[in-house]
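Novice: Sequence:
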Amino acid sequence: MLASCRKTWRIDAQAAVHDRKYHAGAGSLVKRKDAHFGKGLPPKVKSNLEVPYVKAGPMALYFMPDRVLVYSAAGVGAIAYKDLQVTGMSRQFIEDGSVTSDATVVGRTWRYVNKSGGPDRRFKNNRELPIALYEEISFRSASGLNEVYQLSKHSLTATVHVELKRTEAALPT
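Numbers given in our numbering equal positions in the sequence shown, counted from 1, plus 1.
Since the hints were derived computationally from the structure, they do not count as laboratory data.
Below, in silico cross-link-like pairs of lysine to any residue (SDA-like), each with a Cα-Cα straight-line distance of 20 Å or less: (1) K56 - T88; (2) K154 - I138; (3) K40 - M65; (4) K154 - G89; (5) K83 - S139; (6) K32 - E137; (7) K83 - I138; (8) K34 - A61; (9) K34 - R7; (10) K8 - K34; (11) K34 - G89; (12) K8 - G98; (13) K8 - K40; (14) K56 - L42; (15) K34 - K56; (16) K56 - S73; (17) K56 - P43; (18) K45 - M60; (19) K8 - E148; (20) K83 - A143; (21) K8 - A57; (22) K8 - I132; (23) K56 - V31.
If you anchor each label on the Cβ, the simulated ranges turn out as follows: (24) D84 - R122: 49 to 59 Å; (25) A14 - T88: 13 to 23 Å; (26) K45 - D121: 51 to 61 Å; (27) E129 - E51: 35 to 45 Å; (28) D67 - K32: 29 to 39 Å; (29) K125 - V46: 54 to 64 Å; (30) E129 - G76: 37 to 47 Å; (31) S99 - S5: 16 to 26 Å; (32) G119 - R141: 38 to 48 Å; (33) S144 - R122: 44 to 54 Å; (34) K45 - K116: 49 to 59 Å; (35) D67 - G119: 50 to 60 Å; (36) T105 - A74: 30 to 40 Å.
Just so it is clear, the structure is predicted and the values come from calculations on it, not from any experiment. The beta-carbon is built from N, C-alpha and C at its ideal position, and this holds for glycine as well.
Using the sequences provided together with the hints, build the complete structure.
Specialist: In structure tokens:
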């Protein structure tokens with residue numbers, strides 16, 4: 002289901018914007034890195050089944066049958082599904098590049114905007130930018146996991162939440 006998204010990013014950092022007119026009217030700047038969902042096995046694990054995962058650079062989450070394995074540059078950790086908090090929300094994002102075919106464009110803005118929201122005519126290279134509606138899904142735990150991913154296709158978090166609850170319910174207590 003998540004692998005069906007044409008584009009996935011890991012949110013590395015986010016900061017508030019103080020002068021919105023120089024940032025296409027955006028309220029915050031986001032640093033993101035390409036990520037991808039798939040099925041496979043974590044390093045050094047042997048199994049007869051492949052599990053869903055999400056990878057972005059050195060960071061990877063493997064959704065094993067009984068827990069999530071977290072691989073990072075610092076090492077490997079494990080989080081029980083009962084300790085994993087999954088939240089999601091739709092988020093409007095001003096794209097500087099192209100928008101994928103599965104994303105929904107909900108509006109347009111200008112690279113440099115004036116106070117009324119129109120184009121700032123002082124800039125000759127002031128181009129129009131698309132505003133896409135993306136899904137943000139967060140994986141958090143009390144032990145320190147705080148991963149946020151942005152998906153080009155929105156409205157998938159409920160499906161993820163149902164699948165994780167189904168997995169957790171199938172575990173022996």
